[in-house]
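Top line first, the protein sequences correspond to chains A and B. Per the working numbering, the first sequence starts with residue 23, numbered consecutively. Per the working numbering, the second sequence starts with residue 2, numbered consecutively.
Hints may contain errors.
[Said to hold, decoys possible] Listed next, the in silico DSBU-like pairs over lysine-lysine satisfying Cα-Cα at most 35 Å (straight line): (1) B:K55 / A:K455; (2) A:K369 / A:K562; (3) A:K333 / A:K229; (4) B:K44 / A:K452; (5) B:K55 / A:K454; (6) A:K327 / A:K246; (7) B:K44 / A:K596; (8) A:K246 / A:K378; (9) B:K55 / A:K452; (10) A:K142 / B:K31; (11) A:K562 / A:K452; (12) A:K113 / B:K55.
Hints are computed from structural coordinates only; laboratory data are not their basis.
Read off the chains here:
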Amino acid sequence: MTIFWVFVYLIIVAFLGYLGYRHTKGASDYLVAGRKVHPFIMALSYGATFISTSAIVGFGGAAGVFGMGLLYLTFLNIFVGILIAFIVFGKRTRRMGYHLDSHTFPELLGRRFQSPFIQKFAGIVIFLFMPLYTAVVLIGAAKYIEQQFAIEYVTALIFFTLIVAVYVIMGGLKGVMYTDAFQGSIMAIGMLSLIIFTYYNLGGIIKSHVDLTALTPPPPLAAKGHMGWTSMPALGSDFWWTLVSTIIMGVGIGVLAQPQLVVRFMTVKSNRELNRAVAIGGIFILLMTGVAFTSGALSNVWFTKNEKGIKYCEISGAILEICPGKKIVKIDEKNIEKFKPQYKDIKPGDEIDLHKDVPHKETTKGSLSIVAAGGVVENIIPQFVKQSMPHWFSILFMLTLLAAAMSTLSSQFHAMGTAIGRDFYMQIIKDKKAAEERSVFINKMGIGVTILVSVVLAYFLPVIYSKGEAIIARGTSIFFGLCAGTFLPAYISALYLKRITKAGVVAGMLSGFTVAFFWLVFVLEKEAMAIGLCQALFGKPTLLSSPWTMIDPMFISFPTSLIVTLVVSLFTQKLSENHIKHCFQGIGK
Amino acid sequence: MLGLGDVWVFMAYLLCVLSAILCAVYGFVKWNDDEEPYTDEAKRWAEEEAEIEKTL
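Could you put the whole structure together from the sequences, leaning on the hints where they help?
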C-alpha cells in the first residue's frame, strides 16, 4: 500500500515537473509563467526548499534528546529565516540581482564587488561543502525508509538515491516552483496531522506538557547539563553550548546566507509578492519545525508510557525490531565487581558487549525516546510515527518526508550544478564560446559528482559517528555555520554597505572560511576527533579545551570575517561611484 | 505556563507562535504594497534564467 502511494506521488511530481519543463522550453512561455508565480507558490516553494528531512527527522530527533529548548530554533527560523530574510535581505537582493543580472549567489557577490575571484571562490566552496548538507538530507530520508519498511539502511539509501537520480535525470531541476509548491502542500498537511495526533494521543496540550515536565533525565544526560525536556540545559554546560551555539544559533543565523535560498527572491515579479510570501512562509515554518521539535520532545512521554505495549529488547533497551544486538559497557572501578564473575580477565578501561552471543530478551517496559530508538537520534521520529500513529498516517508522513527531501535536494543540486558550471568553470575559461558549448556537460558532470559524493558521505557518516551524536543536526549546522562565516558579512556588505571594498570582501571571505575550517578540524570536539588531523599533527584530539570544543565555528568565523571586511575596507580602494549607483538604483527609497 | 517546566522554554513556545502571527500580520497589512512595473531589466533576467535552466 505504501509503495502504491509513493508511486502515485512520484507520478504527480513527474507530471508537474514536465509542466514546468514545458513552460521553460520557450523563453516567452517561461516569461508568462515565470511572471505569474503566485506568492503562495513562491512561499511554499521557499519553505519546501528551506525545510528538509534534516529539519524534521534530524532536528526533530535532536528535540527528543535535548527537549523543547529547540523551539528557539523555530523562532529563529521564522523571525530570521522568513521575516528578516524576506524583508531586510530579500527585497534588496531581488532588485540588485536584476541590476547586476545575477543568477546565482556567487555571481551576485562577484558582480557587486567586481571580482571574478569572489564568484569562483564562493562557487568552489559551495561545490565542495554543500554535499555534506545534501548527505544529511539523504540520511534523513533513508533513515525513515529503513524504519518504515524494516530494511537495511544501505538498501534504503540506494532506493532513495535512485528515486532522486531518476527525478534529476527527468528534468527535476527545471521549473521546480510548481513541484516544490505541491511538495510544500503535502508537507503542510502531513505536519499539521502530526501535531494534532501527537497532542490527541497524549491527552491534550497542557497534559502532554505536564507529563513531559515530570520526566527526570537519566544520570548520563543530567551529568552533561540536561535539566528536563521542558527546561533549558544548565547554563554553560556541554549540553547548553551544543544546543545554543551549534543547533540554535548555527542554523538559525546561517540560513541567511544559504545559496539555494537567496536566489529564490529573484523569481517573483515585485516586492509586493515578497510581502505576501512572508505571511504564508511564517505559518509554514511554524508548521514544519515547530511541529517536528514539539513532537520529537513529546515522543518521550509516549515511549515511557508505552501505552500500546511495544516490545523492547531488555538488554539493549531498543524496540525489538530495531535492536542492534549490541550493548557496550565500559568497565570502571565501580562496576568491575559486578561483571567479574562472567568476564574473568576484565580490567578498568575495557569495553564489553553484553549483547554479544546473547539472544534478545523481550520486555514491554517503557523507556525514553533515545533508548527506544536504539540510541540513534535519527530513529526517534520514524519510530514514534510508526509505533504511535495509524498506518495511513505513516504513509502520509512517508510522502511528507519524500517531499521535504526532494524539494531541498533539487535546489541543492541546482545550486551545486551552477556553482561548478557558471560560477567556476565559465569564469576560468577564457574562450567564452567554447565554455558555453561545454556548460551543459560540465553542469551535468558536476551534479553527477555531487550526487555520488553525497551518497558516499550518507553511507559513511552514520558509520564514523557513534550513536547518540545527532549526525544530521551536526552536519546541517556545520554547513550553515560555514556559510555564515564565509558569506554572510559579504552578503550584508553587498546589500547595505556602499563603502566596503573588493579587497575587504575578499579578505573577509578568506578569513571567515579559514577560521571556520580551522575550528572544525582542530577545535570542535566531535568533528576534530572524527577527522583525526589534529591527533596526527599535534598528538591530541583538539587544540583547545571545553567550552571552546563545544562552540560552533560560526561564533568565531562570523565576527572574524566581519571585522576583517570592515578594517581592510578602510584602507583599500573604494568601488567606483557609478558602479555603486548602478547596484543601488531604486534601493533604500 | 502551559505545563512547561521552565520560563525560557515557555518563552520559546510563545515566541514561535507570536513570530508566525507577526509574519501573517505583516503580510496581510502589506498585501498590496510595493507593486512594481515589469521592467526590461527583469525581463532580460528571466530570459537568461531560462537559458541557464536549459543547461541543467
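Hint check:
For the hint pairing K55 (chain B) with K455 (chain A), the CA-to-CA distance comes to about 16 Å; that is within 35 Å, so the pair holds. Proximity of K369 (chain A) to K562 (chain A) is assessed by CA-CA distance (about 24 Å); at most 35 Å being required, the pair is judged to hold. A hinted pair counts as satisfied when its Cα atoms are at most 35 Å apart, and K333 (chain A) with K229 (chain A) qualifies at roughly 25 Å. For the given pair, K44 (chain B) sits about 28 Å from K452 (chain A) by alpha-carbon distance, which is consistent with the 35 Å threshold.
For the given pair, K55 (chain B) sits about 17 Å from K454 (chain A) by alpha-carbon distance, which is consistent with the 35 Å threshold. Straight-line distance between C-alpha atoms of K327 (chain A) and K246 (chain A) comes to about 25 Å, which keeps the hinted pair within the 35 Å bound. Distance restraint check for K44 (chain B) and K596 (chain A): the Cα-Cα separation of roughly 31 Å lies within the 35 Å cut-off, and the hinted pair is therefore satisfied. With a CA separation close to 29 Å, the supplied pair K246 (chain A) and K378 (chain A) stays within the 35 Å bound.
In summary, the hint linking K55 (chain B) to K452 (chain A) is supported, as the alpha carbons are separated by about 22 Å, within the 35 Å threshold. Our distance criterion of 35 Å between C-alpha atoms is broken by K142 (chain A) and K31 (chain B), whose separation comes to about 38 Å. With a C-alpha separation of about 46 Å, the suggested pair K562 (chain A) and K452 (chain A) falls outside the 35 Å cut-off, and the hint is violated. For the given pair, K113 (chain A) sits about 27 Å from K55 (chain B) by alpha-carbon distance, which is consistent with the 35 Å threshold.
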